[in-house]
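All chains should be built: construct the whole structure from the sequences, respecting the hints.
These protein sequence lines map, in sequence, to chains A, B and C.
For the first sequence, our numbering gives the first residue as 1, with consecutive numbering after it.
For the second sequence, our numbering gives the first residue as 1001, with consecutive numbering after it.
For the third sequence, our numbering gives the first residue as 2001, with consecutive numbering after it.
Worth double-checking, as some hints may not be accurate.
Here are the simulated distance ranges between beta carbons [as the list claims (entries may be wrong)]:
no.: 1; chain 1: B; residue 1: Glu1029; chain 2: A; residue 2: Val170; range: 55 to 63 Å
no.: 2; chain 1: C; residue 1: Ala2135; chain 2: A; residue 2: Glu29; range: 35 to 43 Å
no.: 3; chain 1: B; residue 1: Pro1220; chain 2: A; residue 2: Glu39; range: 54 to 62 Å
Facing chain C, from chain B, some residues (calculated, C-beta under 7 Å) [said to hold, decoys possible]:
no.: 4; residue: Tyr1015
no.: 5; residue: Leu1107
no.: 6; residue: Gly1114
no.: 7; residue: Gly1137
no.: 8; residue: Ala1141
no.: 9; residue: Ile1177
no.: 10; residue: Gln1221
The following residues of chain B were derived to be distant from chain C, with all beta-carbon distances above 12 Å [claimed, not checked]:
no.: 11; residue: Arg1046
no.: 12; residue: Ser1235
no.: 13; residue: Ile1265
no.: 14; residue: Ala1267
In case anyone wonders, no lab produced these hints; they're calculated from the structure.
Please read all numbers here as calculations on a predicted model, not as lab measurements.
Even glycine gets a Cβ: it sits at the ideal position worked out from N, Cα and C.
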Amino acid sequence: MTHAADRNDAPADRYARGLAALRLVTGTEHPAVLDPIAEIAPDLARLTVEFGYGDVWSRPGLTPKQRQIATIAALAALGNAAPQLRFHIGGALNVGCSRREIVETFLHATVYAGFPAALNALTAARAVFADRPAAPGDDPAAASVPSDGDRHRRGLEALRAVDGPHGVDVVRSLDDIAPDLGRYLVEYVFGDIYARDGLALPLRELASVAMCTALGTAAPQLRVHIRGFLNVGGSREEVVELMTQLAGYAGFPAALNGVAAAREIFAETADAG
Amino acid sequence: MTHAADRNDAPADRYARGLAALRLVTGTEHPAVLDPIAEIAPDLARLTVEFGYGDVWSRPGLTPKQRQIATIAALAALGNAAPQLRFHIGGALNVGCSRREIVETFLHATVYAGFPAALNALTAARAVFADRPAAPGDDPAAASVPSDGDRHRRGLEALRAVDGPHGVDVVRSLDDIAPDLGRYLVEYVFGDIYARDGLALPLRELASVAMCTALGTAAPQLRVHIRGFLNVGGSREEVVELMTQLAGYAGFPAALNGVAAAREIFAETADAG
Amino acid sequence: MTHAADRNDAPADRYARGLAALRLVTGTEHPAVLDPIAEIAPDLARLTVEFGYGDVWSRPGLTPKQRQIATIAALAALGNAAPQLRFHIGGALNVGCSRREIVETFLHATVYAGFPAALNALTAARAVFADRPAAPGDDPAAASVPSDGDRHRRGLEALRAVDGPHGVDVVRSLDDIAPDLGRYLVEYVFGDIYARDGLALPLRELASVAMCTALGTAAPQLRVHIRGFLNVGGSREEVVELMTQLAGYAGFPAALNGVAAAREIFAETADAG
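Next comes the structure, spelled out in structure tokens:
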């Protein structure tokens, strides 16, 4: 596994690398985001730059765009860090995510974290968008109603594309107890949401894995979506890199438990990777 | 299982049915609650009406009152969706819940989500109540101090009523390690809270199940209270319907994990239901 | 196990004892913190005093300082109770915690709950600190950069001090899948954070256990840190007392699941305690 930093890095190198990363995310030469905290906790401001941005964010295993989509997905799902969510929505725009992709990430969040979490994330996005000009042609409100009117058939196809035969098994396992919930899984989750355009499928699944990891309460679904991410073109290295990124946003326990889930899924698959 | 919608429903029917439900919850002819979001995510506004209200909320398996008590209980426990909690407190009043029942639901939340979550939910309730006239005789501040002064005896009785012999086993299992926590479970949870009037016992247990499901971190307690809900007159169909309702508020993983817990409890009980 | 209250206590005694505790935490003769809630839920205001402060907070098993550090750690990790977090930061100061200890607790929270949760807790601390004079010499911004420049070696030493051989096993178990995450666990978590001064190691581990218990999503880490707390001088009685304290802040399910984890760890250790 390639990594940007190793244990022999001098603190000054880590800080400089972190500051460069933070400039990309903030889009400013002199990021002031940590100044209020520096007054009572200057070491945390320093550690955020050295560790959060210098060690982790600067790593090559995910693109800046992937990192920001994963981060806003995780923060939207957690739902308890509004200032940081706004900051990272701005960061997502600064590293090249479109408004459309950001809004799609939050529509996707309805599935994993519920409509209230998604609505609050969209409210944050609206505030961030209002403060800056839109890129030409980047319309988050572009309708994306799949033209195929049969949500059920469309949902089954999307479910198979993402989860292979496992996904259909999950739906069937509900037949004897909650058949309509199974039907909504097909029709709403896959027919209405996964079938939308505006967010490439591998980014969508990256967001799914990020949300299940950050929530920490969705163990079976985390496994399903690690497998799904690999099915739609994601790599094992990206899964591990995502968990590493999330240590800083959802805590080390969430990251370590995510790696444990990844280990199980990797062991299942034939390819020794 | 009866359901209001099936897979052949036209989108226009689902939207119309959803709008009718949303009118009941908002108490207005032209609900504007989703307008701010529609600006950047019109599809989410549409999906909320079609799926959230047209598919799910309109289903006959729970009464509107049960749906709103479950929803405010879940949002109070999650603690990260203040605007939606206020909206659904208003919705609870609009479908016929009393202020007293809403306040009791939040006192009940102290048990599952802690006093801070309950206090914040009560602050939301106070704001909503302040904006509208109270129904005659509906006094949320009506004292409910059970007249029997022996909290311990009262608690044991309430515990047996809800959980049968299992509840007493939970308390006994603490004798060798945390006997006082076991005592507080009897005296505070059951003697002070469950023994209160103001919220019918089946609604109280519905709220317990809703909170444990939404939190996603209370697996043993979720099982205990699914059993408890069935013990106090709830049905299996209502349990499954509750999980379906919660998919939209706490996410599909929470709902699916709730159904998995329900399956275990249903399998345990003699009645093949 | 000693306890302050027993089941024969009269309500008036419990209320009086609770009010005395609340005076300590608020630093005022006439605590008004529950007045806004009392308007619609006077019984909750009473139960908070009787149960939360009279039964639990007044117990002798933890010092007031330990209780307040545990409480602010738990509320910082939950991240959804800002008013209560501010209240208990004030309470921590009132029972003798230093600003430095409070800030260190929140730096420590980066590890368990992520940087956003820690930053929001520090923002709360900054607001509380701004409203009152600092004690002489109590500078939360005092730098604490361990002089030993080798973070890796320093981290391994701290890891062994806290977790014994188990901690190194956790790191090694990541070698084949996420070696850099393992390295950050050594270098950031133990080398940068655990090696800091400003918060005594037993209080630091108390905070770790409080956060893992409150989150409810960090089961393996909760076990590691219960063991770690015992390793650095904490007692079994303090662990159980902590879970009892957290029932009121994170709910009874969190406390009960914490006791179940403690039972496993206690059973493992040779000492029958």
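Results of checking the hints against the structure:
Look at B:Glu1029 against A:Val170: about 40 Å separates their beta carbons, and that is not inside 55 to 63 Å. A beta carbon spacing of about 39 Å between C:Ala2135 and A:Glu29 agrees with the range 35 to 43 Å that was offered as a hint. Between B:Pro1220 and A:Glu39, the C-beta spacing of about 44 Å breaks the proposed range 54 to 62 Å. With a cut of 7 Å, the hint placing B:Tyr1015 at the interface with chain C is violated, because the nearest CB-to-CB distance is about 33 Å.
Hint status for B:Leu1107 relative to chain C: holds, with the closest Cβ pair at about 5 Å, below 7 Å. Restraint check, B:Gly1114 versus chain C: the minimum CB separation of about 5 Å is within 7 Å; hint holds. Because the beta carbon of B:Gly1137 sits about 15 Å from the nearest beta carbon in chain C, more than 7 Å, this interface hint is broken. The restraint placing B:Ala1141 at the interface with chain C holds, with a minimum CB-CB distance near 5 Å, inside the 7 Å limit.
For the restraint placing B:Ile1177 at the interface with chain C, the shortest Cβ-Cβ distance is roughly 5 Å, inside the 7 Å limit, so the hint holds. The criterion of a C-beta within 7 Å of any C-beta in chain C is met by B:Gln1221, whose closest approach is roughly 4 Å, and the hint holds. The claim that B:Arg1046 lies off the interface holds: its Cβ sits roughly 29 Å from the closest Cβ of chain C, which is beyond the 12 Å cut-off. Distance to chain C confirms B:Ser1235 as a non-interface residue, since its nearest Cβ pair spans about 24 Å, more than 12 Å.
Against chain C, the non-interface label of B:Ile1265 holds: every CB pair exceeds 12 Å, the least being about 16 Å. Its beta-carbon lying about 22 Å from the closest one in chain C, B:Ala1267 satisfies the requirement of being farther than 12 Å from that chain.
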